[in-house]
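> According to this note's numbering, the sequence shown holds residues 498 to 801 in order.
FYI, nobody ran anything at the bench for these hints, they're computed from the structure.
You may find that some hints are simply not true.
Said to hold, decoys possible - Mimicking DSS-like on lysine-lysine, the simulated pairs with C-alpha atoms at most 30 Å apart in a straight line are:
#1 K652 <-> K662
#2 K787 <-> K694
#3 K787 <-> K636
#4 K682 <-> K655
#5 K578 <-> K682
#6 K578 <-> K636
#7 K661 <-> K636
#8 K636 <-> K655
#9 K748 <-> K578
#10 K694 <-> K662
#11 K694 <-> K682
#12 K682 <-> K652
#13 K748 <-> K787
#14 K636 <-> K682
#15 K661 <-> K682
#16 K694 <-> K661
#17 K578 <-> K652
#18 K662 <-> K636
#19 K694 <-> K655
#20 K694 <-> K578
#21 K652 <-> K636
#22 K662 <-> K682
As the list claims (entries may be wrong) - Label pairs and their calculated CB-CB ranges:
#23 L703 <-> S725: 35 to 43 Å
#24 R723 <-> S649: 55 to 63 Å
#25 L750 <-> L580: 32 to 40 Å
#26 E563 <-> E775: 36 to 44 Å
#27 R713 <-> E651: 39 to 47 Å
#28 D702 <-> I753: 44 to 52 Å
None of these values were measured; they are calculated from a predicted model.
No residue lacks a Cβ here, since even glycine has one placed at the ideal position from N, Cα and C.
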Amino acid sequence: MRVEIQQPEVNIGVVGHVDHGKTTLVQALTGIWTARHSMEIERGMTIFLGYADGNIAYCEDLSPPEAYTTELTCPSGSEAKLLRRVSYVDAPGHEAYMTTMLSGAMVVDGAVLVIAANEPCPQPQTIEHLMALEILGVKNIIIVQNKVDVVSREKALKNYEEIKKFIQGTIAESAPVIPVSALHKVNIDVVLEALYKLIPLPQRDLEAPPIMYVLRSFDINRPGTRYSEIQGGVIGGTIIQGVFRVGDEVKILPGIKKPGESGKTLHVFSPVVTSIEEMRFGENQVSEAKPGGLVAFRTTLDPS
498 MRVEIQQPEV NIGVVGHVDH GKTTLVQALT GIWTARHSME IERGMTIFLG
548 YADGNIAYCE DLSPPEAYTT ELTCPSGSEA KLLRRVSYVD APGHEAYMTT
598 MLSGAMVVDG AVLVIAANEP CPQPQTIEHL MALEILGVKN IIIVQNKVDV
648 VSREKALKNY EEIKKFIQGT IAESAPVIPV SALHKVNIDV VLEALYKLIP
698 LPQRDLEAPP IMYVLRSFDI NRPGTRYSEI QGGVIGGTII QGVFRVGDEV
748 KILPGIKKPG ESGKTLHVFS PVVTSIEEMR FGENQVSEAK PGGLVAFRTT
798 LDPS
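All chains should be built: construct the whole structure from the sequences, respecting the hints.
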């Protein structure tokens with residue numbers, strides 16, 4: 498019997514220029530559409546960081562790359578071998594949300610740079626996002642040449658040459674360039690193989706004091722929820738070291754901003770102390786969480 502791997506083991510950022518198909522690629526890799534906010538749906542673009550967990554599995558009765566899949570059941574009906582669970586961070590491509598992209602890039606172990614074949618390369622955020630990865634030291638990079646289904650073979654090859662020229666002398670110089678149609682899920686198996694082989698699992702220190710980088714916070718209560726049924730605020734992010742468990746008391750830093758003493762400091766911060774009531778990786782509820790993947794803690798904090 499296969500042991501279920503509930504917790505994602507690696508964080509992968511999906512970056513690139515606006516409308517190059519990052520969210521569509523994440524959906525092809527996970528089955529989840531990460532642009533869930535009303536503003537994102539209305540504008541047709543990612544504004545906030547999107548999160549989705551997915552599988553990298555292997556069908557032993559097939560040859561690679563076809564053997565790599567996101568499904569746990571092979572086309573033959575046999576059981577696929579689950580190799581790894583992955584958390585994908587879908588970063589906004591629009592220039593106005595560059596700071597949001599940077600906050601997401603800080604917690605990734607590798608990245609997929611998405612470049613559309615139907616536009617000249619590089620586009621402005623293609624340049625900026627690759628520069629950000631270089632500054633942050635993200636070395637494990639895969640390039641997806643998306644939307645090859647909407648251009649001719651000649652145009653796709655020309656775009657490929659533009660990509661190769663663009664990455665010369667950069668941190669992504671040796672990165673593979675994989676032609677893909679995320680919309681039609683063409684070559685997704687090749688992407689999965691590259692993710693598994695080229696983005697290794699980082700070394701984690703489970704004995705160190707637990708530290709988590711918080712990327713977002715939110716209220717899970719619906720409008721009209723009775724006071725007695727209100728649940729505490731949720732924080733989401735990634736654990737850098739150590740192990741967190743349900744019931745742990747945690748300190749959130751820097752905390753609440755307060756005016757400083759006159760003539761000394763403008764502001765001071767007071768740490769917020771709370772406890773973990775529940776923790777989840779996607780839909781999976783767990784009792785403890787280690788480094789790797791994106792985790793959500795429901796706390797005792799006032800959700801407002």
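> Are any of the numbered hints broken by this structure? If so, which, sorted upward?
Of the numbered hints, 9, 17 and 28 do not hold.
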